[in-house]
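Engineer: These are the residues of each chain, in order.
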Amino acid sequence: MEGNNFSPETGFDSFHGAIPHATLSFDSPERYRGEAHFLAHSGARLLALWADSPSSIRASLILREGVVLLSLSLPKDSLSFPSLSSIFPTAGRFERTIADLFGLLPEGLTDLRPWSDHGLWLVPPLAEGRPSLHQPFAPEDYPFVRVRGEGVHEIPVGPVHAGIIEPGHFRFSVVGEKVLRLETRMGYVHKGIDSLFRGRTLFEGARLASRISGDSAVATSLAFSKAVEEALNIEVSEGIRFVRALLLERERIANHIGDLGALGNDAGLGVALSLFGPLRERMHRHNLTHFGHRLLFDTIVPGGVSTFLSPQMVDALLQETDDLLSEVSLLERIYSDHGGLQDRFQNTGILSPEIAIRLGIGGVAGRASGQGWDLRIDHREDPVHRFSPALALDHVGDVAARVRIRFFEIFESLHLVHALLTNFPGPDICSTLPDIPLSREGLGIVEGFRGEVLGWVRIRPGKTIESAHIAEGSPLLWHALEASVPGNLVADFPLINKSFNPSYSGSDL
Amino acid sequence: MALIPTFPSFGWTISLLQMLFVIFLAPLLYGWIGVVRAILQNRRPAGLLQPWRNILRLLRKETILPEGHSYLFLFVPPLFFFIMAGASLLIPFLMVSPPLAPVADAVTLVGLFSLARFAMAAAAMDLGTPFGDMGGRREMMVAFLTEPATLMILFTVSLWSGSTAIPSILHSFSLGHSPFHPSLLIAAMAFILVFLGENARLPIDNPSTHLELTMIHEAMLLEYSGPLLALMEWGSMQKLLLYLLLGIDFFAPLGISRGLSPLSLLVGLVALLGKLFVLGAGIALIESIFAKLRIFRIPEFTALAYLLSTLGFLLHFVLEV
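Chains as they are written, first to last, in this note's numbering: chain A, 1 to 509; chain B, 1 to 321.
If you are wondering where the hints come from, they were derived from the structure by calculation, not from laboratory data. Take the hints with a grain of salt, since some may be wrong.
Dumping the calculated DMTMM-like pairs for lysine to aspartate or glutamate here, alpha-carbon to alpha-carbon at most 20 Å [to be verified]:
hint : chain 1 : residue 1 : chain 2 : residue 2
1    : A       : Lys498    : A       : Glu332
2    : A       : Lys76     : A       : Asp141
3    : A       : Lys178    : B       : Glu320
4    : A       : Lys498    : B       : Glu300
5    : A       : Lys178    : A       : Asp343
6    : A       : Lys178    : B       : Glu300
7    : A       : Lys498    : A       : Asp382
8    : A       : Lys463    : A       : Asp194
9    : A       : Lys76     : A       : Asp111
10   : A       : Lys178    : B       : Glu212
11   : A       : Lys191    : A       : Glu128
12   : A       : Lys191    : A       : Asp343
Chain A regions said to be covered by chain B (calculated; three or more residues, Cβ under 8 Å) [unchecked claim]:
hint : region
13   : 145-158
14   : 338-350
15   : 394-400
Note that beta-carbon positions come from the ideal geometry of N, C-alpha and C, so glycine has one too.
Bound-form chain A, shown alone (with noise of 0.2 Å):
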């Protein structure tokens, strides 16, 4: 097994879309295991594992030099496969989810409790009518994890919440004010994207994938693109890329300062909302103007975008970029003078720099608990490289901590847009897609606002989809915050549950 090992140094074969990426494909469990392994002490984070049919299981890992997607093939009559739970601590819950869905007993892991199953599956819906080792059980039957001890009681909260928000299940273990234990249960939003994907044309499924968490639309529906266009190994031309480049940089601005916002009106600062609420709602108005839908739902297509940049429209974004610079700097100083905000913010929900590795934890909670990683800044992708946009680090991990990264990132990204902008070639035209003879597999990966968003497409000849899963990061930041919150106030949760701001639909699928 030695010497066989994956290296970083020359294992990469693809660099479709300036990310280097390779798929290694396995047989056997053992060298399937044996490779994750290896990679992991090599600094591996392991981003998404899933099954796009009961006798293939996936997990991309993601390093320094690039993307790796490990791709393990189970005999047809396999009832189980190894888990990789040992080796990185987030695996168990996309193997519970594989469970749930084909039936297949993940080999090693301890947690076998249903995940996305609530106990309304007969049979697991993707089994094939293979034999499985499911068993029904009552929805209401959900072991959690018990605390035991002198007056420790449990507070369940969710799956509907008081706000109108998403559905999700907290189950937390407290002793009076201070929580033990969190545990989050999702899955109340399971929609089946995979399925969904399946037999699609190219454009449905960059429909779909652009509303897989709404929040997240361009980078989703890029990570989708770019999956696309490496299967039909076609590359898009530079304005293209330019348009793109805007469009997921307005994304992260806009969810940043909606996420800013709800920050401060969590803590009880009302004003904030008012403060922050309305320059997004102004971009939103200006997308929709501008690029036909308030949320870019639909702006990314495979082999271009769906819109188009005219110079009076370069003028107005240049506009709308400068005005944000100077608002986002004022309520930027009265978030860091208010020293009623600041004494919730810091030392509230702190994620460790030693469990943000552990977990492997990237994006905006990563990089608030000195993990540095930004595919943006990591890789030499056209255009972004050309602006050499500066790394938002802090080492702290509080909830302080992760809103100076979102100022840090407002600030990096509305320079970024406005030399984007300025540079902008002209438009240029969509790429035709070219039809393939043989079903070709193709990986996209993108720097969305909470972190890496992955795409991944199986495209069959007549250019439909045969398999596609788009990793949205969110599993992983569930697990972070179930880190970061024991030792705090019970009360302190909704705060910090919204500095690391997971999306509920985009951890179901």
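Following the hints, complete the assembly by docking chain B onto the known chain A.
Structural biologist: For chain B alone, coordinates are given in the frame of chain A:
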């Protein structure tokens, strides 16, 4: 202790007017705070009448009773409402000496408020839901932390009159002392802190939050609906107004009617409305610029209130005797 000769029947009329005043004006004051807060936060205000609309809407709705409730759950909302309405008879604000003057003692009043709060917390815990329990125990924590400060403020104020009876406190202020005493000024600051804590306002509690885990007062009301909820909310609005009236009696009594002549009553009423107008705006301002305190910072906040009230108490002997 009849300071001013009164005509009993007319006095009772005024007292009933006081009660109606508190019951019907309290939602308007709430609305006014909401209007100012909305304006300060760049929002379009819902209007002065919004709390009234809410109350009327809730009164028209059906009551949904949670599983496992006892009679406590049903009795507490009317009890709470009527304690607050009854307390309005004890606080003189339209005239100095209402007929219930003999029992109009500030300590009685504090006791009444404590009773109301205890009933509310008990009703919240009646169901055994985690949120009710959490709200109940948080409310009791805030209560026992603010109570010493409340009493200290009371003692400071009563140093002038030698009595904790509100009419005699009011009377002592009219005996030619200058209206601004350092001890009263400091006690007034302490009173503002106590007021915010007792009435579940920012920075202690956020009355407009939807985050059930952060709630104190609202968490106790989560299981209530319809008319019962209306009574609870209406009662809380009255409590806010009563606290303001108490503060006005102690620290800004100027203008209150000492007799029963219609003119002085009218002047007193106008002065009172003016004061409430200003104070309501002040509350909205505080609520717009402060973030909510972390729950375990509340002891520091109430300790400050206690410290200030003690300081006021001592200052009286240092500077004013």
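Engineer: Now tell me, hint by hint, if it's right for this structure.
Structural biologist: Comparing the hints with the structure gives:
Taking the CA atoms of Lys498 of chain A and Glu332 of chain A, the gap is about 18 Å. The hint holds against a cut of 20 Å. Restraint check for Lys76 of chain A and Asp141 of chain A: the C-alpha separation of about 33 Å exceeds 20 Å, so the hint is violated. With a CA separation close to 46 Å, the supplied pair Lys178 of chain A and Glu320 of chain B exceeds the 20 Å bound. The straight-line distance between the Cα atoms of Lys498 of chain A and Glu300 of chain B is roughly 26 Å, outside the 20 Å bound, and the hint therefore fails.
At roughly 18 Å between alpha-carbon atoms, Lys178 of chain A and Asp343 of chain A fall within 20 Å of each other, so this suggested pair holds. At roughly 18 Å between alpha-carbon atoms, Lys178 of chain A and Glu300 of chain B fall within 20 Å of each other, so this suggested pair holds. At most 20 Å may separate the alpha-carbon atoms for a hinted pair to count; Lys498 of chain A and Asp382 of chain A exceed this at roughly 32 Å. Taking the CA atoms of Lys463 of chain A and Asp194 of chain A, the gap is about 17 Å. The hint holds against a cut of 20 Å.
A hinted pair counts as satisfied when its Cα atoms are at most 20 Å apart, and Lys76 of chain A with Asp111 of chain A does not qualify at roughly 25 Å. Between the alpha carbons of Lys178 of chain A and Glu212 of chain B the distance comes to roughly 16 Å, so the proposed pair stays at or under 20 Å and holds. A hinted pair counts as satisfied when its Cα atoms are at most 20 Å apart, and Lys191 of chain A with Glu128 of chain A qualifies at roughly 18 Å. Pair hint Lys191 of chain A plus Asp343 of chain A does not hold up; C-alpha atoms about 40 Å apart against a cutoff of 20 Å.
Coverage of the region 145-158 of chain A by chain B holds [criterion: at least 3 residues with CB-CB distance below 8 Å; count 5]. Three residues within the 8 Å Cβ limit are the bar, and the region 338-350 of chain A against chain B gives 6, so the coverage statement holds. By the rule of at least three residues with a Cβ nearer than 8 Å to a Cβ of chain B, the coverage given for the region 394-400 of chain A is violated, with 0 such residues.
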